[in-house]
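Chemist: Now for the letters of each chain:
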Amino acid sequence: SAVISQKPSRDICQRGTSLTIQCQVDSQVTMMFWYRQQPGQSLTLIATANQGSEATYESGFVIDKFPISRPNLTFSTLTVSNMSPEDSSIYLCSVAKNTEAFFGQGTRLTVV
Amino acid sequence: QQPVQSPQAVILREGEDAVINCSSSKALYSVHWYRQKHGEAPVFLMILLKGGEQKGHEKISASFNEKKQQSSLYLTASQLSYSGTYFCGTDGSSNTGKLIFGQGTTLQVKP
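Chains G and P, in that order, are what the protein sequence lines are.
This note's numbering puts the first residue of the first sequence at 1, with every later residue one more than the last.
This note's numbering puts the first residue of the second sequence at 1, with every later residue one more than the last.
With the rest of the complex left out, here is chain P (with noise of 0.2 Å):
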């Protein structure tokens, strides 16, 4: 079932912060974050494994409550580079790399 983010759309001024949010209706391994801009492939920014484990990149961090079957995408002090649609993808079983995508979160960092 493919997971549900929230919002669809942000529109920022650059330094400021951004949420995004990627909800799921079954249990979860791990949770991707992708970034892509138009015309491009999926770039990965971020991985959250069942456990605890993540692995990151400078000033974008992200959480995962497993309990909730939720994760969020913080983007701190958003710069004009960070414009583009960002995915989460699911992977509900031991870590196969089989994703399921959420619908896309749209975001543009405006100067």
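Chain G with its partners taken away, still in its complex shape (with noise of 0.2 Å):
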């Protein structure tokens, strides 16, 4: 199994800040997932984060916005910038470890 610590769990920010979350794994992986979740929807894939490479978005999703950083094979951030009421969604990351995937608690981002 794997057991991943997500912070911060939740935070209110002013619209036009920038937040970075910070996902930490109890092992190492190959690939890491970040995901959000909308209000009452499911969960959409951001982009995966590739240790000493660049990180791979999904459509919809672009570096400018969503910067990742994956320094080593236990750790990753995410950075939600020029943030605007639109972004308040849970913001989860992911890892796969014998087939089964395993989620952070997520972190809340509410933004005003």
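Simulated from the structure, these hints should not be mistaken for laboratory data.
Misleading hints may appear alongside valid ones.
Straight-line C-alpha distance at most 20 Å; calculated SDA-like pairs for lysine to any residue [stated by the list, open to error]:
#1 P/K26 / P/K59
#2 P/K98 / G/N50
#3 P/K37 / G/G40
#4 P/K98 / G/Q41
#5 P/K98 / G/Y57
#6 P/K68 / P/P7
#7 P/K98 / G/S18
#8 P/K50 / P/S72
#9 G/K7 / G/S18
#10 P/K98 / G/Q28
#11 P/K98 / G/F61
#12 P/K26 / G/L45
#13 P/K98 / G/R36
#14 G/K65 / G/E54
#15 G/K7 / P/A41
#16 P/K67 / P/S23
#17 P/K26 / P/Q69
#18 P/K59 / P/Q108
#19 P/K37 / P/S6
Chain G residues, not near chain P, derived (Cβ > 10 Å throughout) [said to hold, decoys possible]:
#20 S18
#21 T20
#22 G52
#23 G60
#24 P67
#25 S81
#26 N82
#27 S84
These numbers were taken from a predicted model, which means no experiment stands behind them.
By construction, the Cβ of each residue, glycine as well, lies at the ideal position given by its N, Cα and C atoms.
The two chains are supplied separately, each in an independent frame; assemble them into the complex guided by the hints.
Modeler: Rendered as structure tokens:
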């Protein structure tokens, strides 16, 4: 299994500012994934964070808005830049181990 | 492409059974099922792999029809704790863990 620690668990931010979310895994993993869950919606994949290379973004998500770092095999950050109220969501990181996908507890972001 | 789940919502009495379906327009390597309670992260329930292997859960089972690109989750003798939103996540590649989730099925179990 994998234990994922995500910080912060929640935050309220002013529009136009940026927030960096951290994700720490208790073991080394090749790929880490970042998801967004808008209120009442399903989980949408933002990007795949690979160690040693640039993140791979899904359609509709761009690096300027959601820059990602992956400095080693147990850690990643996602930044939500120049926030607007539409960015209010839960952001989750995920890793795969032995065919199972594990999720952090999520970061509940409210932009005012 | 996002898999399609049906039904969108189910209301049951304790002890009743339910089936949730997940259908994809693309070939699948694996299907993952999760339950999410309000305000919490998704919790892994079940994975079904191409070739028939599955990892399961007591009283919750699932099937995977690779040819039809469909999976069904079977909840037997439902309990109050089964309430939540169920998501299927599909992996169309070689089991990287990169999942595309269906829109979710909300299940409410009443006493």
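Chemist: All the hints need checking, so say for each whether the structure fits it.
Modeler: How the hints compare with the structure:
1. Between P/K26 and P/K59 the alpha-carbon distance is near 29 Å, which puts this suggested pair outside the 20 Å criterion.
2. With a C-alpha separation of about 12 Å, the suggested pair P/K98 and G/N50 falls inside the 20 Å cut-off, and the hint holds.
3. For a cut-off of 20 Å, the pair hint linking P/K37 to G/G40 stands: about 12 Å separates their Cα positions.
4. As the CA atoms of P/K98 and G/Q41 are separated by approximately 18 Å, the hinted pair is consistent with the 20 Å bound.
5. Proximity of P/K98 to G/Y57 is assessed by CA-CA distance (about 12 Å); at most 20 Å being required, the pair is judged to hold.
6. Of the pairs offered as hints, the one joining P/K68 and P/P7 holds, with about 18 Å between alpha carbons and a cut-off of 20 Å not exceeded.
7. At roughly 26 Å between alpha-carbon atoms, P/K98 and G/S18 are farther apart than 20 Å, so this suggested pair is violated.
8. A C-alpha spacing of about 14 Å is found between P/K50 and P/S72, which places the hinted pair at or below 20 Å, so the restraint holds.
9. Annotation: proposed proximity of G/K7 to G/S18 holds, straight-line Cα distance about 15 Å (limit 20 Å).
10. The hinted pair formed by P/K98 and G/Q28 meets the criterion: a straight-line CA distance of about 17 Å does not exceed 20 Å.
11. For the suggested pair P/K98 and G/F61, the alpha carbons sit about 16 Å apart, so the restraint of at most 20 Å is met.
12. Taking the CA atoms of P/K26 and G/L45, the gap is near 17 Å; set against the 20 Å cutoff, the hint holds.
13. With a C-alpha separation of about 14 Å, the suggested pair P/K98 and G/R36 falls inside the 20 Å cut-off, and the hint holds.
14. The hinted pair formed by G/K65 and G/E54 meets the criterion: a straight-line CA distance of about 14 Å does not exceed 20 Å.
15. Note on G/K7 and P/A41: the hinted pairing holds, with a Cα-Cα distance of about 14 Å set against a maximum of 20 Å.
16. For the hint pairing P/K67 with P/S23, the CA-to-CA distance comes to about 11 Å; that is within 20 Å, so the pair holds.
17. Taking the CA atoms of P/K26 and P/Q69, the gap is near 7 Å; set against the 20 Å cutoff, the hint holds.
18. A threshold of 20 Å between alpha carbons decides the hint, and for P/K59 with P/Q108 the separation of about 17 Å falls inside it, so the pair holds.
19. A C-alpha spacing of about 18 Å is found between P/K37 and P/S6, which places the hinted pair at or below 20 Å, so the restraint holds.
20. At the 10 Å boundary, the C-beta of G/S18 stays outside the reach of chain P, the nearest C-beta of that chain being 23 Å off.
21. Under the 10 Å C-beta cut-off, the non-interface status given to G/T20 relative to chain P holds; the minimum distance is some 19 Å.
22. Taking the minimum C-beta to C-beta distance to chain P, about 16 Å, the non-interface status of G/G52 holds against the 10 Å cut.
23. Distance check for G/G60 against chain P: the nearest CB is about 12 Å away, which clears 10 Å, and the non-interface claim stands.
24. With a cut of 10 Å on Cβ distances, G/P67 stays outside the contact zone with chain P, its closest approach being about 19 Å.
25. The Cβ of G/S81 lies farther than 10 Å from every Cβ of chain P, with a closest approach of about 23 Å, so its non-interface assignment holds.
26. With a closest Cβ-Cβ approach of about 26 Å to chain P, G/N82 is found to remain outside the 10 Å limit, as its non-interface label requires.
27. Under the 10 Å C-beta cut-off, the non-interface status given to G/S84 relative to chain P holds; the minimum distance is some 23 Å.
This entry does not satisfy hints 1 and 7, going by the numbered hints stated previously.
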